[in-house]
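**Q** Here is what each chain is made of, one letter per residue.
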Amino acid sequence: MSTTTSANSVLELDRVTVRHGDGDTTVVALDEVSLSVAAGELVGVVGPSGSGKSSLLAVAGALTAPESGTVRLEGVDLGATSDRERARLRRERIGFVFQSGNLLPALTSVDQLRLALRIAGIDERDPRARDPRELLDSVSMSHRADRRPDQLSGGERQRVGIARALVASPALLLVDEPTAALDRARSHEVVSLLAREVEAFGAAALMVTHDTDVLEHCHRVVEMVDGRLGLPAVAS
Amino acid sequence: MFLALRELRFARTRFLLMGGVVALVAVLVVLLSGLSAGLVNDGVSGLKRTPVTDFAFDEGTGTDAAFTRSVIETDQVRTMAEQPGVLEAAPYGLLLANAHQEDGSPVDLTLVGVEPDSFVAPTAIAEGDGVGGASDGIVVSATAAEDGLAVGDTVTLARPERTLTVVGVLEDQHTFGHVDIAYLPLGTWQELLAGVEDAGAEVPDVATAVALRTDPGAFDRDAADAAAGTVTRTLSESFDASPGYTAETATLLLIQVFLYAISALVVGAFFTVWIIQRRHEIAVMRAMGARRRFLLADSLGQAALLLLASIGVGFALGIAAGAALGTTPMPFALQAPDLVLAGALLFVLGMAGAAVAVARITSVDPLTALGGQR
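Sequence lines, in order, name chains A and B. When we follow numbering that gives the first Met the number 0, the leftmost residue of the first sequence carries the number 0, and every step to the right adds one. When we follow numbering that gives the first Met the number 0, the leftmost residue of the second sequence carries the number 0, and every step to the right adds one.
Quick caveat, the hints were computed from the structure, so don't treat them as lab data. Errors might be hidden in some of the hints.
Unchecked claim - Below, a sample of chain B positions facing chain A; criterion: calculated Cβ distance under 7 Å:
1) GLU280
2) ASP337
3) PHE346
4) LEU366
Unchecked claim - Non-contacting residues of chain A with respect to chain B, defined by C-beta distances greater than 12 Å in every case (computed):
5) SER53
6) SER54
7) LEU56
8) ALA57
9) ILE93
10) ALA167
11) VAL221
Claimed, not checked - Over the 12 Å line for every Cβ pair with chain A, so calculated as not near, a few chain B residues:
12) ARG5
13) THR155
14) ALA268
15) VAL283
16) GLY288
17) ASP364
18) THR367
19) ALA368
Just so you know, these numbers come straight off a predicted model, no measurement behind them. Where a beta carbon is used, it is the ideal one built from N, C-alpha and C, also for glycine.
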């Protein structure tokens, strides 16, 4: 078993294998994947549909357990934690940015962030809590702070989604196809914003995307093909 | 309740419709509760408002017709009075009669014959005198007075043709089988039972039942019945002998049971659909690490708010409607303990329905938050 945990790596995957299905229809979603993401680093993961990108996010986000290999978050081996403990890590140490924002329809932008703090169990005066309005301001959404998702454009929703993922000061940001519903210009805006926030807050970020166009904003890009990880053919 | 309150506001049309259904059910529950109590009053208030604990009917009298079929001799009263545990025993005569007032309008009366100095003679007199001052004097229920009988009025029975004079009015409603009670001296009652038209004629010394006040610890019902040749029923058992009482109360009870069940199912169905609609949002929150307890408490809090508000509105409307009904001849009586119980039942059953639905939250897989949707 490898113990080469580098000093500043937040997320560390070591020969992680994940299989879906059972019996004859088993699909290897991740095949001995090793990857580490450091604080302040935005790592892009590209690859075709079904290459295992979502499984990578799920295993890094403590949503599924790997069949073999180890996943470490800030040095903690997720394989050795309970369901309850993993939920605690998700709410306190991990921020998720979902496709098309996945905001709650009943809440205004600022309430989306407040709810995230409540879910994390963090009081608004806690030093780990970012001020929701300031954070919305830093993603240029302060003018839409009191609007609900149905009054926001796709790009605006995604900005609120990014702010929501950051509000509880997570160590790791997991980003799932953030540009799926956006045009080119909005895609660049959103991903460059993401890169900026990651650098500013010193979080480690793993972004899964189809969109090779936005990879220029990533610090590092890896490609997934059939559950295996490699360097991409495209130059960035 | 952070999310619950914002959802209530956001999806207010849906919640208002749902709350409207619960409120209407609550209105019906209040009205039925008032109607049940009103009918019970109409059926047996005359029995309830006596100090009687048991009635001893003649041996072999069936339950449903006890008050109209039973005839007891006064020596059975004396035998009963001697039984251990019997604190008081008195003859109680009951007879349904058709009569008409001076202006010719018909009036039905339940004629109850009592010995004026016995424990069953009514004491709560609102106006006029008690039983016994005049042999042809009657003391009538407060409800008869509301219908136009006043002290000094006379009523003429159809058969035997006898004229009785109202000498007193009772404070409360005293009815039996939806008919107002008129108390009169037992001797006069016996003449009416025998059908004689001349006052003072020789008639059998009988009554319908022995009214008893017993010490439940010391009273041996079987032994007393064997000694006196009677069959004793407690006061509430003898309610069944009031015409229509069992059928009325059972019907209303059944309707109320159905209302409670409908309310629980409707609330359960609503929250089931609501949770299914929010499945993806719940998956997102679970992926964000939300505790199950956080999500359950929020949803149950939402259900509790919805139920409290709609039951409150429904009860307010029901009580207002009940107050309007109280001024009509409809038998309607709202009783605070009944209402508290009905409200609590609606709330508890509604929460049970919601809880079954909300429990689905725990089965939502946070993994479904990843990937494409909608």
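**Q** Look at each hint and say if it fits the structure.
**A** Here is what the structure says about each hint:
no. : hint   : verdict
1   : GLU280 : holds, 5 Å
2   : ASP337 : violated, 38 Å
3   : PHE346 : violated, 25 Å
4   : LEU366 : holds, 5 Å
5   : SER53  : violated, 5 Å
6   : SER54  : violated, 9 Å
7   : LEU56  : violated, 6 Å
8   : ALA57  : violated, 6 Å
9   : ILE93  : violated, 7 Å
10  : ALA167 : violated, 9 Å
11  : VAL221 : holds, 18 Å
12  : ARG5   : violated, 5 Å
13  : THR155 : holds, 74 Å
14  : ALA268 : holds, 21 Å
15  : VAL283 : violated, 5 Å
16  : GLY288 : violated, 3 Å
17  : ASP364 : violated, 9 Å
18  : THR367 : violated, 10 Å
19  : ALA368 : violated, 6 Å
In summary, the numbered hints that this structure violates are 2, 3, 5, 6, 7, 8, 9, 10, 12, 15, 16, 17, 18 and 19.
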